[in-house]
Amino acid sequence: MSEVRAEMVANVWKVVATEGDTIADGDTLVILESMKMEIPVLAESSGTLTKLAVAEGDVVQEGDLIAVIQ
Amino acid sequence: MQLEGSRLACKLPSVLESVLVANRGEIARRVITSARRLGVRSVAVHSEADADLPFVREADEAVLLGPAQPAASYLNGPAIVAAAEQTGARAIHPGYGFLAENPAFAASVLEAGLTWVGPSPDSMEQMGDKINARNLMEQAGVPVSAGTREPVADVAAALAAAEQIGYPVMVKAAAGGGGIGMSAAAGPAELAAGFETARSRAERFFSSPAILLERYVERARHVEVQILGLADGRVLALGERDCSAQRRHQKVAEETPSPGVSPELRARMLAAAVQAGLAVKYLGAGTVEFLVDVASGDFMFLEMNTRLQVEHPVTELVTGIDLVEQQFRIAAGDDISFRAQDVAPAGHALELRIYAEDSKRFLPSPGTITEWVEPSGPGVRVDAGYAAGNTVTPFYDPLLAKLCLYGADRAEALDRAKAAVAAFGIAGLKTNLEFHGELLASAEFSSGDYDTGLVGRLRA
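For the protein sequence lines, the chains are A and B, in the order given.
The first sequence begins at 1 in the working numbering and counts up by one.
The second sequence begins at 1 in the working numbering and counts up by one.
Incorrect hints may appear among the rest.
[As the list claims (entries may be wrong)] No more than 25 angstroms apart at the CA atoms, straight line, and that leaves these computed lysine-lysine pairs for BS3-like:
(1) B:Lys-430 <-> A:Lys-36
(2) A:Lys-14 <-> A:Lys-51
(3) B:Lys-360 <-> A:Lys-36
[Stated by the list, open to error] From the derived model, a few chain B residues whose C-beta atoms are all more than 12 angstroms from chain A:
(4) Gln-69
(5) Pro-143
(6) Leu-278
(7) Pro-398
(8) Gly-407
[To be verified] Residues on chain A that point at chain B, a partial pick, calculated with CB under 8 angstroms:
(9) Met-8
(10) Asp-27
(11) Ile-31
(12) Ser-34
(13) Ile-39
(14) Leu-42
(15) Leu-52
Since the hints were derived computationally from the structure, they do not count as laboratory data.
All residues carry an ideal CB built from backbone N, CA and C; glycine is no exception.
Extracted from the complex, chain A is given alone in its bound form (with noise of 0.2 angstroms):
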């Protein structure tokens, strides 16, 4: 099993996968936005999207969970 976190203080600009995807280590899950930048979050592992914790619009602060795959 692999969490997902936040890296920074951000708003959750567009969720990309949805809980039951088959997701390769690469793809990108959710798309933040800071400081107005995009920063594709991706995933760092291969298996299934169990849990997607976040959706359009939330503020992420560092180290909460964007997704769990497992």
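Keeping the supplied structure of chain A fixed, place chain B upon it in accordance with the hints.
Positioned in the frame of chain A, the structure of chain B alone reads:
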């Protein structure tokens, strides 16, 4: 009391008795500083997130616009005009970004009977669309690069246009700025991908899907010219700024004079910038951006910014002219504070943009500033938007401060820059100070012989 550099300060007409600054951070503070020096009452407007920032404190009056989101605050034109009416501010200075290049907002300011510290909405409109601006400049005899003369509708049209122009090509949003949505394409596959990205970003950030293509110059310097359009129709060019040190197509360091521009090339570029200003009957401070092809020595028009530029301080340092003061004077219908024939840039100036981002990958780093110690000394100027205790939020751009250095020559300016970067103490969040240390120490930047690929090579 003698006011520095402003012989006519006491004669400013009542139309500029007061000014509302429709911006935030360092530029709001910068405008307020000149207003105060000239005896102009200043009004700040701010979002909930910015209530504690220095610009809010330093203005004579401050009005809360709304929540942090730009759409609810700094992009809320009607609320800004209402704040001017509520406080009796007679003029609006837009700074840069936000509504500064929005002709509809400028028109609404004028309709409300207020003074707009900027060019006419017409000039803004003509230069706001990059395709229109390119076509207009071509007609005015200003060199432009090979590129599309109308919006590119879809990928098929982009591929056809690129065949005509020749690869590599640059894909850009016609209404864009700040490098957003911009990418270079070496061939058809890259172009197709770049076109789609540019299009979605253009719609999202600039509410306009129009895309243009331009010939991409492999080794280029980004050099811009500061102009001032006067009430009598004259347009003055106050020298150039080299902005080739960029990451993600956004500037990180600027200098004047450009080490890559000969006196002969400078004369031609300044003349072309004046032509550009005359073509749109430009009034006030503006910047004409050019690309200089290092291999051929040719230069071509990129775009015009119809507002005060972020990096305006380097021009101020070598000319001794307060550009914000000239904006106030021109907007008020008054004379500028100097004679055109007396403009004689001397020495060398640098600006380092201190961003809230890490020094390796340049990723944003919002947070609370626990320590803020600015460098000082001869030739050091810091235009800062923040102080210790302030929180840098994810809602706005990452610019914390502009560290500006002046020296009798480039070597002295660079030495002062190195010392100032080392002396700048910021804690609580990541900054790119370490990157600036590396930049100043690099052989390529030190030599002056660099181009827009510089930062990429430092990070390769």
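Status of the hints after comparison with the structure:
1. B:Lys-430 <-> A:Lys-36: This hinted pair holds, its Cα atoms lying about 17 angstroms apart.
2. A:Lys-14 <-> A:Lys-51: It holds: about 16 angstroms lies between the C-alpha atoms, which stays within 25 angstroms.
3. B:Lys-360 <-> A:Lys-36: Since the Cα atoms of Lys-360 of chain B and Lys-36 of chain A sit roughly 18 angstroms apart, the hinted pair holds (cutoff 25 angstroms).
4. Gln-69: violated, 9 angstroms
5. Pro-143: holds, 31 angstroms
6. Leu-278: holds, 33 angstroms
7. Pro-398: violated, 4 angstroms
8. Gly-407: holds, 31 angstroms
9. Met-8: Since the shortest Cβ distance to chain B is 6 angstroms, the answer is holds.
10. Asp-27: It is violated, given that the least Cβ distance between Asp-27 of chain A and chain B is near 16 angstroms, above 8 angstroms.
11. Ile-31: violated, 11 angstroms
12. Ser-34: For Ser-34 of chain A, the interface hint holds, since the closest Cβ of chain B sits about 4 angstroms away, which is under 8 angstroms.
13. Ile-39: With Cβ-Cβ at 7 angstroms, under 8 angstroms, it holds.
14. Leu-42: violated, 13 angstroms
15. Leu-52: Since the shortest Cβ distance to chain B is 21 angstroms, the answer is violated.
Going down the numbered hints, you'll see the structure goes against 4, 7, 10, 11, 14 and 15, while the others check out.
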